[in-house]
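Same order as they appear, the protein sequences are chains X and R.
So that you can map any letter, position 296 of the first sequence is 296 in the working numbering, and since no number is skipped, the others follow by simple counting.
Position in the second sequence counted from 1, then plus 500, gives you the working numbering.
To be clear, the hints were calculated from the coordinates, so they are not data collected in a lab.
No more than 25 Å apart at the CA atoms, straight line, and that leaves these computed lysine to any residue pairs for SDA-like: (1) R:Lys665 / X:Gly40; (2) X:Lys135 / R:Gln636; (3) X:Lys209 / X:Val136; (4) R:Lys503 / X:Arg161; (5) X:Lys187 / R:Val586; (6) X:Lys149 / R:Asp589; (7) X:Lys143 / R:Gly642; (8) X:Lys17 / R:Leu599; (9) R:Lys665 / X:Thr416; (10) X:Lys149 / R:Met641; (11) X:Lys135 / R:His644; (12) R:Lys665 / X:Arg43; (13) X:Lys162 / R:Lys503; (14) X:Lys143 / R:Pro646; (15) X:Lys17 / R:Pro657; (16) R:Lys665 / X:Val46; (17) X:Lys201 / R:Thr640; (18) R:Lys665 / X:Cys166; (19) R:Lys665 / X:Arg417; (20) R:Lys503 / X:His152; (21) X:Lys135 / R:Ala643; (22) X:Lys143 / R:Gly638; (23) X:Lys187 / X:Arg161; (24) X:Lys149 / R:Gln648; (25) X:Lys135 / R:Glu583; (26) X:Lys135 / X:Ala125; (27) R:Lys665 / X:Tyr276; (28) X:Lys17 / R:Gln601; (29) X:Lys149 / R:Ala647; (30) R:Lys503 / X:Gln146.
Computed footprint of chain X on chain R; a stretch qualifies when at least three of its residues, placed anywhere within it, have a C-beta under 8 Å from a C-beta of chain X: (31) 509 to 521; (32) 578 to 591.
The model shown is predicted, which means the values in this text are computed figures rather than measured ones.
Where a beta carbon is used, it is the ideal one built from N, C-alpha and C, also for glycine.
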Amino acid sequence: MQRITIDPITRLEGHGKIEIFLDEEGEVANTYFQIPELRGFERFCVGRPVEEMPTLTNRICGVCPEAHHMAAAKACDAVYHVEPPPIAKKLRELLYSAFYVADHTTHFYALGSPDFVMGPDAPVAERNILGVIHKVGLEIGSKVIQARKYGHAVVEMIGGRKVHPCTSIPGGLSKGITEEERQEIEKMGRWAVEFAQFSLKLFDDIVLKNSAYVDMIMSDAYTHRTYYIGMVDENNKVNFYDGKISVVDPDGRRIGKYAPHEYQDWIAEHTEPWTYLKFPYLKKIGWKGFVDGKDSGVYCATPLARLNAADGMATPRAQEEYERFYTTLAQQEYERYSSTGAGKVVHQRLATHWARLIELLYAAERWVELATDPEITSDNFRTIPTETPTEGVGIVEAPRGTLTHHYWTDERGILTRVNLIVGTTNNYAPISMSIKKAAQSLIHKGTVISEGLLNRIEMAFRAYDPCFGCATHSLPGQMPLEVTIRDARGQVVEVLKQYC
Amino acid sequence: MTKTLVIGLGNPLLGDDGVGWHVAEGVRQALMGASRPTGGEGRRTDEPLPSPYRGGEGEGSVPRPPSFVEVDCHVGGGLSLMERLVGYDRAIVIDAVNLGQGPVGHVTCFPLEALPHPSVGHLTSAHETNLWTALQVGRTMGAHLPAQVMVVAVESPYVYEFSDKLTPPVAAAVPQAVQKVLELLGQEEEP
Numbered sequence: 001m002q003r004i005t006i007d008p009i010t011r012l013e014g015h016g017k018i019e020i021f022l023d024e025e026g027e028v029a030n031t032y033f034q035i036p037e038l039r040g041f042e043r044f045c046v047g048r049p050v051e052e053m054p055t056l057t058n059r060i061c062g063v064c065p066e067a068h069h070m071a072a073a074k075a076c077d078a079v080y081h082v083e084p085p086p087i088a089k090k091l092r093e094l095l096y097s098a099f100y101v102a103d104h105t106t107h108f109y110a111l112g113s114p115d116f117v118m119g120p121d122a123p124v125a126e127r128n129i130l131g132v133i134h135k136v137g138l139e140i141g142s143k144v145i146q147a148r149k150y151g152h153a154v155v156e157m158i159g160g161r162k163v164h165p166c167t168s169i170p171g172g173l174s175k176g177i178t179e180e181e182r183q184e185i186e187k188m189g190r191w192a193v194e195f196a197q198f199s200l201k202l203f204d205d206i207v208l209k210n211s212a213y214v215d216m217i218m219s220d221a222y223t224h225r226t227y228y229i230g231m232v233d234e235n236n237k238v239n240f241y242d243g244k245i246s247v248v249d250p251d252g253r254r255i256g257k258y259a260p261h262e263y264q265d266w267i268a269e270h271t272e273p274w275t276y277l278k279f280p281y282l283k284k285i286g287w288k289g290f291v292d293g294k295d296s297g298v299y300c301a302t303p304l305a306r307l308n309a310a311d312g313m314a315t316p317r318a319q320e321e322y323e324r325f326y327t328t329l330a331q332q333e334y335e336r337y338s339s340t341g342a343g344k345v346v347h348q349r350l351a352t353h354w355a356r357l358i359e360l361l362y363a364a365e366r367w368v369e370l371a372t373d374p375e376i377t378s379d380n381f382r383t384i385p386t387e388t389p390t391e392g393v394g395i396v397e398a399p400r401g402t403l404t405h406h407y408w409t410d411e412r413g414i415l416t417r418v419n420l421i422v423g424t425t426n427n428y429a430p431i432s433m434s435i436k437k438a439a440q441s442l443i444h445k446g447t448v449i450s451e452g453l454l455n456r457i458e459m460a461f462r463a464y465d466p467c468f469g470c471a472t473h474s475l476p477g478q479m480p481l482e483v484t485i486r487d488a489r490g491q492v493v494e495v496l497k498q499y500c
Numbered sequence: 501m502t503k504t505l506v507i508g509l510g511n512p513l514l515g516d517d518g519v520g521w522h523v524a525e526g527v528r529q530a531l532m533g534a535s536r537p538t539g540g541e542g543r544r545t546d547e548p549l550p551s552p553y554r555g556g557e558g559e560g561s562v563p564r565p566p567s568f569v570e571v572d573c574h575v576g577g578g579l580s581l582m583e584r585l586v587g588y589d590r591a592i593v594i595d596a597v598n599l600g601q602g603p604v605g606h607v608t609c610f611p612l613e614a615l616p617h618p619s620v621g622h623l624t625s626a627h628e629t630n631l632w633t634a635l636q637v638g639r640t641m642g643a644h645l646p647a648q649v650m651v652v653a654v655e656s657p658y659v660y661e662f663s664d665k666l667t668p669p670v671a672a673a674v675p676q677a678v679q680k681v682l683e684l685l686g687q688e689e690e691p
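Isolated chain X, as found in the complex (with noise of 0.2 Å):
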């Protein structure tokens, strides 16, 4: 197979960019996916004052402003050596929660039910949020919106600000809620709960209820046997805000759990020559390429992940519906990892669409635990910090993954520098080997390539719900995903460009 060598400039392009090179016979031979990376926010960050970092961090990024805010205001404590009080803690939580509601309705709605609604070949202009709504009914539409409208309300009401918070400091909070605002939060959050148990039901109309869709999710061309993390409670249950993180291996073993402050002995990052961007692994198990199994240490962390990484969740409704997501596709695992306590694991990736409304369904009703605890209105929110800051790592559950702050300063308490590994970048080999796989799956030789055929290759990306990181860049309004075919002599074969 002839080597192609690719130009960096085309990294920049603003482009998702697969690269499909197919062998002699015309089987593909390897795939490259590549995501612009935004460039120099450790250099823009030094100098400054580490208290600026939970403002400054929430413009990375317009999708998670909210985790920017939360793993920089938990890297702060960390370097201030200072504990918030619980009502901190509980109030960072519950905005959290609400967002993550928010975070998680958009995903599901606009981006990831529209291939089981309409169909992953229907034509691109239906397959989208306008789609569903006209296909299932106006209700969702308003029930979306109500979603992320009371997401945003308390994210308003404790950070400050409408999605980019601002109330969080070193110790705790710049500002309590009143019992005015706890009422309709927790109004807010009731709602939430039922929003979620009926988002669950339409899942299993939707899809569940359908062979072919089922068939899909449980396909050798979107599983992969790779190691998991997530973080947990101190009962090893999914936590976004708070806890260590669990890893299992991939027989959903827990192999061990580590403290934000111990990451760096459990997350190492290996380079390639064709993208800027950075592929974490797990440092005990080593880098073996882009490969599954035991062996390798190729880590995946999503909803999914979180999940697997678990031993349940936190809350009542949602933990039924675990049971049900393991005993429905991992059946006998999870039986004997019931009765004996061997490791349970889902490797199929469309099942990660399952997995973030389960999380929808716990952040929801998390939401209406914190709202209801009997001292959420009380006035200690911070601790004033006494301590000389020095370094620091603050770590929350992203929607699309660990997300890890770590700050070294100065006496002062000015940043010398900062490192971050974000939600997507630890999946950067997982999206890359269920891209590779997916093409072995669907492109042979002959294989006419179609729309559908390329929706199918990028489903198995949209299950990890990337985050391109450029999404503040809002216009024009797409960032294609451009699809460059070539043979066995690097010659483009075709090209195809969705807006995705």
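Using the hints, position chain R against chain X.
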């Protein structure tokens, strides 16, 4: 009374991507300056100007009876931008574009639907839907949304590197883009 929203889009920390914020600030200053001689309308002249960098979304309202013009900045796109446009009769959005159809700093103005491929796809990021689709969603839901969205765009490919400064050709284009927005506002106020 016609309600118009002038909204600068983009990320103010991402080089030329933040040009929309600079232009919006210029428009706001110009409108406030224009309202000062008349006195009594709009804000008091001694009132401190809210900075879009400090104030974030939702600030910078400049009522100018008999029409109403609000100037704001916004970081998101798609559904969140659509939600911000609810309740307005007209909208002018300002943003950096990388269409490759002119030199860096080239200012253009066109209706939203003139953008390439306005009808397809999901995207502003991979998570969202494009503004055109989002507006259709909003209208389908019965929301009051601007009948027309005009775009004032400044060409630049330098939108991937963190910086709070514009490149010189884009900085130089800000007054022209401000003028373009003011012209559009003037046209809109004519009966």
